[in-house]
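Peer 1: The listed protein sequences derive, respectively, from chains F and Y. FYI, in the numbering used here the residues of the first sequence are 1 to 168. FYI, in the numbering used here the residues of the second sequence are 1 to 327.
Don't take every hint at face value.
[Unchecked claim] 27 Å max Cα-Cα, derived DSSO-like pairs, lysine-lysine:
id	chain 1	residue 1	chain 2	residue 2
1	Y	K146	F	K25
2	Y	K309	F	K163
3	Y	K67	Y	K146
Simulated from the structure, these hints should not be mistaken for laboratory data.
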Amino acid sequence: MEIILFVIAGALSLAGGVGVVAARKLVHSALSLLLVLGSLAVLYLTLAAEFVAVLQIILYAGAIVVLFLFVIMLVLPRVSARLASSDAGSLRPIAFVFGGALAAILAFGALRGMRQMTPQALPAGFGSVESIGRSLFTEFVLPFQIASLLLLIGIITAVVLGKAPSRS
Amino acid sequence: MANAWGIVAEAVVKSLLLSALVLTATAYVTLLERRLLGRLQIRIGPDRVGPGGLLQPLADAIKLITKEDFIPAGADRFVYLICPVLVMAMAVFVWAVIPIGPSLDLFGTTIPLYVADVNVAILLILGASSLSVYGFILGGWSSNSKYSLLGGLRSSAQIISYELTLALAVIAVIMLARSLSLVRIVEAQRDGWFILRQPLAFLLFFVAAFAETNRSPFDLPEAEQELIAGYQTEYGGFKFGMFYVAEYLAIITQSALVTTLFLGGWHGPLLPGVVWFALKTLLFVCVFVWVRATLPRVRYDQLMGLGWKVLIPLGLVNIVISALLLI
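Pulled out of the complex, with its shape left as it was, chain F reads as follows:
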């Protein structure tokens, strides 16, 4: 059962990943990204991490990609037309080098992880809201606070940028 789900969700996320870079229209790229994020949520579900899966949907699919779409539709209609007609050929070798390097690092890490890991039974309540909340507020309290500080800075920046320029 898990294997079937994994194969389907994995194939879909790969297809989505290809779609992100191969799509001609920016909106289609954003939709492909949505497919990637959605299939990742399914993978989280098969890993018994329900809370993370739902958060993945709400935050990434529900908020971040929607913002991408807003920007694409409102700010970029002309830019995206120019992008579609422009020749990205000069960037292609660089993209291949960095993409290949990233793929090599990920493959190396995954292979090493597979050799070292032994499957273990999940502790009770794994992936539940309670256990994640508990570890956020005890074990990972410092990163958690730093992240919230970062978000606060982001909010203040958005307010400052969004304010109408003063007349003085």
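Since the structure of chain F is already known, use the hints to place chain Y on it.
Peer 2: For chain Y alone, coordinates are given in the frame of chain F:
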């Protein structure tokens, strides 16, 4: 293994029954709205098809299905076609986690009246509603029409803004019930409905529910005078029908959620739980219609001002107060 298939079979049967139930209910909510709106405006409303107009939804559905299936010129075909499907699927999907009654004893087995008791149920509902935003925004974009695009953008901005209020109201309920599962939230209200302990959260949720469903007085995405019909302007036939079904189903869903979160769900004396659940939900559906007949539409800046400057601060204050009271 046989047990696993049994669980799957039970879920499939329940899902089919539930989908049939909520879609029929949706059809009759459209009739209810037209008749009730008629009464409120001192006219009769549709009463010609069938006894008392009871076959009107069927006639409407046949009309929509047999209409010409067109796609506007310059539309993004794939996106244009998938949007109504997505919106309707998300509207039906959330019913999987809403408990519509206590467990039923049938043929010696206990059958719970919900499809799934997920421990993140309420987040699942919020997530589904944030996914249906894509249907609106992309439906508007892919139609290749300025009215649709503006309507789609308005609709998604509105839904995203008011979802925050909705979530803040829900957090207050979660703090009382100490669970995200709707089944547990209903259980927790056995001795007292949350509307008594969280009146402000109830009010916030209720106001945000109107905005979430794009209903009057917050029906700006469909403001006829400015935008024709908003994101659904270029949709016709049953593709329009799917948007329409999703909209009315969302009204029932929000009413059911208010019932579940604040009015004790299926709890009630004498009558069976399912009847109580249906009655409470129906009450709120009628309030939705009543409000539409009563209040004029607000302006867009008023809508955003209300959401960001009044409701969200109130929601945050409410959470702080509830937390202090709970400690």
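Peer 1: If a hint holds in the structure, say so; if it doesn't, say that too.
Peer 2: Hints, verified against the model:
1. Y:K146 - F:K25: 19 Å, holds
2. Y:K309 - F:K163: The given pair, whose Cα atoms are some 15 Å apart, holds under the 27 Å limit.
3. Y:K67 - Y:K146: Given pair K67 of chain Y, K146 of chain Y holds - Cα atoms ~24 Å apart, limit 27 Å.
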